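Trainee: Chains as they are written, first to last, in this note's numbering: chain A, 2 to 262; chain X, 726 to 1060; chain D, 152 to 414.
Certain hints may be false.
Unchecked claim - 30 Å max Cα-Cα, derived BS3-like pairs, lysine-lysine:
hint	chain 1	residue 1	chain 2	residue 2
1	X	LYS882	A	LYS256
2	A	LYS92	X	LYS816
3	X	LYS849	A	LYS92
4	A	LYS92	X	LYS850
5	A	LYS92	D	LYS330
6	A	LYS225	D	LYS198
7	A	LYS256	X	LYS761
8	X	LYS1003	A	LYS92
9	X	LYS918	A	LYS92
10	X	LYS1003	X	LYS968
11	X	LYS882	A	LYS17
12	X	LYS820	A	LYS92
13	A	LYS17	X	LYS761
14	X	LYS733	X	LYS973
15	X	LYS820	A	LYS256
16	A	LYS17	X	LYS878
17	D	LYS198	X	LYS882
18	X	LYS878	X	LYS918
19	A	LYS199	D	LYS198
20	X	LYS882	A	LYS92
21	X	LYS850	A	LYS256
22	X	LYS882	D	LYS406
23	D	LYS154	X	LYS749
24	X	LYS918	A	LYS256
25	X	LYS931	X	LYS820
26	X	LYS749	A	LYS17
27	X	LYS849	A	LYS17
28	A	LYS256	X	LYS740
29	X	LYS816	A	LYS256
30	X	LYS853	A	LYS92
31	X	LYS761	A	LYS92
32	X	LYS878	A	LYS92
Bear in mind the hints are in silico, worked out from the structure with no lab data behind them.
Remember, it's a predicted structure, so these values are computed and weren't measured experimentally.
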Amino acid sequence: MFYISMFFQYISQYIKTRLQYRADIFVEFFSDLLSQAINLVFILVVFGHTDLLGGWSRDEIIFIYGFFLVPFAVFSAFFNIWDFNDRYIVKGELDRILTRPIHSLFQIILERIELEALLGAITGLAVMFYAGSRLGLEMHWYDPFLFIVFVIGGALVYGGVFVMIACISFWADARMSLMPMMYNISNYGRYPVNIYNKLIRFMLTWVLPFAFVGVYPAAFFLGKREWFWYSFLTPVIGVVFFVLSVRLWNQGVTKYRGAGN
Amino acid sequence: MENVMEVKDLRKEFKAYSSRTGLKGAFRDLLTRNYKVIPAVNDINFSVRKGEMVGYIGENGAGKSTTIKMLTGILTPTSGSIIVNGMNPHKEREKFVQTIGVVFGQRSQLWWDIAVQESFRLLKKVYKVSDADYNNHMGHVIRTLDIEPLLDKPVRKLSLGQRMRCELAAALIHNPPLLFLDEPTIGLDVLVKLKIRDFLKEINEKYQTTILLTTHDLSDIEALCERVILLDEGSVIYDGALKNLQEKWSEGKELKFQFLEKVDITAVKVLTSELPVKWELEEKEQVFTATVEDSGELISQVIAKVVAAYKIKDIKINETSTEEIIRNIYEKGAV
Amino acid sequence: MDKYFEMIRIRFLMMLAYRTNYYTGILIYSINIGAYYFLWSAIYGSKEHIVGLSMTQMTTYVAVSWMARAFYFNNLDREMAVEIMDGRVAIELIRPYNYLGMKTMQGLGEGVFRLFFFSAPGLIIVYFIFPIQFTWDPSVWGLFAISILLSFLINTELNLLTGITTFFLYNNSGLIRAKRVVIDLFSGLLLPISFFPGWAQEVMKFLPFQGISYFPSMIVTKGFSHHQALEAILQQFVWVILLFLPIQLLWYFAKKQLIIQGG
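Let's have the full structure, built from the sequences with the hints guiding it.
Mentor: The structure is reproduced here in C-alpha cells:
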C-alpha cells in the first residue's frame, strides 16, 4: 500500500516538474515518432524485394512491430535508467537514495519516470490496427485482457534485463555507458525468431528473452498456433526475469563503493 | 545512558587499481590491472551515547566519509559490526533510515526543479509523518531556520546558504533521534554558520538528538562538540573530550606586543632575562611575540615588566588554536 | 598542431581506461552483425541476387559497414550538448585552441583507437564466422581508406552541427536522437541505398548521408566499379566542404549568443 501511495506521490511531483517544460514533451514525441517511422520504412523497403520473411508476410511483420512498440513504451516510461551509472554511481546520487526508507530500485525508477514515453504506445496501437485490419484479424472479448498481460510481461522482460545490465555498474569499477547497449538490445524482438539460427533463437528465448517482447506475444494475436505456447509464457518469463533482476540489484547494492569525494 | 551507536572492529577495504604509465601501459591495463587493497577504515571502535554531539575529524581521505556512509547504511562494511539505534544499518536499511537524518554538505537531498515545500511534502510521505507531527515539529524548524520565505522557490534558484538551511530542515522532517552531518557548513558565510550552529544546539537540547558531525571547519566543532574522534589513515587516534585535547597539546600562550616607540629586541630580552620566556620579532609589523607557559603568574610578570619599560600600542594574549593543535597532532602522527 | 595530436593521444588513453565500454562495444557490434546477417539470409531466401548484390556480398557489406561505423561514429553532439548546458563550454572557449577543431581531434582519436583495436580484430573474427569475401586488391583498400576518412569528416561535421544547435534550443536531446536514427537508415548502414525505390535514391543523391556508410562499404564489397568509386569519393569530398560553411556560420552566431547569455 505504502509503495502504491508513493508511486502516486512521485507521479504528481513529476507532472508538476514536467509542466514547466512542455515544449520538451513534443520534441521527444516527434523524435520517437521519427525513429518509429524509420523502422517501418526499413520493413517496407525490405519487403520491396521479398514477399515472405521466414514465412511471415509484410503485414504480419508490421503487426509484430506495432505490438513491440507498446511494451517498449511502457518500459521506456518506467525504466528510464540508461544514465544510471553516470548519475547514481559515478556522481554518487545513490548515497541520497540509500538514506531513505524505500527500496532503492523503486526510488530510482520513480525519480526517473518519463510518462511521455507512453505516447509511443499510441503509435504502436495505430500500427497494430492498421496491419490487423489489412490481415483481416478478428478481435475476441479476451484479446484486450491478454494484450494487457502480454504487454506487462514484455515490459518486465525488458525492465529485468535492463536492470541486470545496470547492475554491472556495481561490480565494474570503470565508467560505462548503458545507452548504446540499450539502443541496440531494443532491436531483436521485432523480427520472427525463426529467421535466426538455433543458438541465437535460444539466446533470444531464454538468455536475453527479447523475443517475448515482440514476436512471441504478437504471434498469439496473429493466430500462429505453433507459437501459442511461447505466447502464454510471456508473463511468466517477465516476472521471472524481473524478480531475478531485483535479487541481483539487492546483491549489487551491498557492493556499492560510493563516489570518492 | 544508553548507547545509540556501537562500532566494533569496523573495517572497510577498497580495491584500487593503479594505472600503468604511457600508452603501452594503458594497453596492458586493458587486459590485466594492478589491484591493490586499501583499507579506508582500519578496525575502528567507538560508541556514542544518546544526546551526545560528537565531532568526527580527520584530513581528506582519512576515512571520515566512508565511516559515515557505513553508519548510515550506504556502504557495507568489509568486516566488524555496527549497531546504530539497535539495528544493523545495512541489513535493515529501509527500517533503519527511518530513525536517522542525514545531511551531505556537497549533495542535495532536495529535488532540483520543484519548490522546496513540494520536496518537503514528498519527504513527509516518504517518512510516513502524520500531519499533526509535521505541523507541530516542522513549524518550529522552519521558523528557527528562517526559511519560511524560501518555501515556494525551486531549489535551483536558492543560494548555497539558503539551500543548506533547507537541506537541514529536510533531514529533520521525521524528527530523527540521530543526525549525521557530513560537512554541513562547507562554503557557507559566517552568519549562516552561526545560525546553523545555534539551531543544532537547540534541537539537541530540545529533543536530545544525538549528532555526529564531520567538518573541516574546527570552529564548528569548538562551538558544538564536547567530544571529538580524531581519525588518521583509517584509524582512530584520539577519542575523548575536546578540552583534554586542548590542554594536553596547547603549547603555552603567546603574548604579542606592539610599541609606540622603536624598541630593540635584545633590550626586551634583557628585560625579562630572569623569566622562562622565548622572544620573537616580526620585523615588518614590529610585533614582539613572547611564548610562555600557560600560567597566570608568569604571564602577569612578563606583562608587568614590559609595560613598565615601554609605551604600549597594542597587546594580545593568544591561546594555541584548536586548528594548530590538530595540525600538530597530524604532523606527529599520534596523540 | 602539437596540441591537437596530444588531444588524440589523451582520447586514446581515455578509451583504454573505460575498458568495460570496450568489451561491451565488441559484444554489441558482434550481435548487430549477427542479427543483420540472419535477417538478410531470410530476406534473400533462395534468391541469388538482389539489385546486383549476392548474399556473400551482402554479408560482407553488413560486416564492413558496421566495422567502418566503429571508426566514423562518435558522440560529439551529445558531449557538446552537455558541455554547453552546464556552462563548461565557456572555459573551453578561453583556451588557446579552436574548440570545434579540438572536438574533431577527440573524435579522430576515438575513431583511430577503435579502428585498430576494434574494427581490425573484429573483421578478422567475423571473417572466420560468416561467409565473407574480401578482395586482396590493394587499390580497393586504398580507396576504402580515403573513403572512410571522408565518412568520418562528414559524420563529425553533422555531429558538430547538431551539437551547436544546443546554443539555440533549450533541449536538443530529441534532435540528437532523431539525427542518429536518420543517419543509421539513410547512410546505408542498415541496408544499401540501392535497395530503396528509385525515387528515394534520387532524393538521397542530394543528401550527404550516403557518403557516411554506403560509399565506403560498396567500395570494399566491389559493388562499385573503379570509376564509380572515384566518383563517390569526389562526392564525399564535396560534402565535406559544403558542410563546413553552415558550421562556421552557426558557430559565429553561437559565440555571439554565448556572450549575450554570459555563458
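Trainee: Does each hint hold? Answer for all of them.
Mentor: Consistency of the hints with the structure:
no., hint, in the structure
1, X:LYS882 with A:LYS256, "violated (35 Å)"
2, A:LYS92 with X:LYS816, "holds (24 Å)"
3, X:LYS849 with A:LYS92, "holds (26 Å)"
4, A:LYS92 with X:LYS850, "holds (26 Å)"
5, A:LYS92 with D:LYS330, "holds (28 Å)"
6, A:LYS225 with D:LYS198, "holds (26 Å)"
7, A:LYS256 with X:LYS761, "holds (17 Å)"
8, X:LYS1003 with A:LYS92, "violated (52 Å)"
9, X:LYS918 with A:LYS92, "holds (26 Å)"
10, X:LYS1003 with X:LYS968, "holds (26 Å)"
11, X:LYS882 with A:LYS17, "holds (17 Å)"
12, X:LYS820 with A:LYS92, "holds (25 Å)"
13, A:LYS17 with X:LYS761, "violated (48 Å)"
14, X:LYS733 with X:LYS973, "holds (27 Å)"
15, X:LYS820 with A:LYS256, "holds (20 Å)"
16, A:LYS17 with X:LYS878, "holds (13 Å)"
17, D:LYS198 with X:LYS882, "violated (65 Å)"
18, X:LYS878 with X:LYS918, "holds (22 Å)"
19, A:LYS199 with D:LYS198, "holds (22 Å)"
20, X:LYS882 with A:LYS92, "holds (21 Å)"
21, X:LYS850 with A:LYS256, "holds (29 Å)"
22, X:LYS882 with D:LYS406, "holds (26 Å)"
23, D:LYS154 with X:LYS749, "holds (20 Å)"
24, X:LYS918 with A:LYS256, "violated (36 Å)"
25, X:LYS931 with X:LYS820, "holds (24 Å)"
26, X:LYS749 with A:LYS17, "violated (52 Å)"
27, X:LYS849 with A:LYS17, "holds (17 Å)"
28, A:LYS256 with X:LYS740, "holds (11 Å)"
29, X:LYS816 with A:LYS256, "holds (13 Å)"
30, X:LYS853 with A:LYS92, "holds (28 Å)"
31, X:LYS761 with A:LYS92, "holds (23 Å)"
32, X:LYS878 with A:LYS92, "holds (25 Å)"
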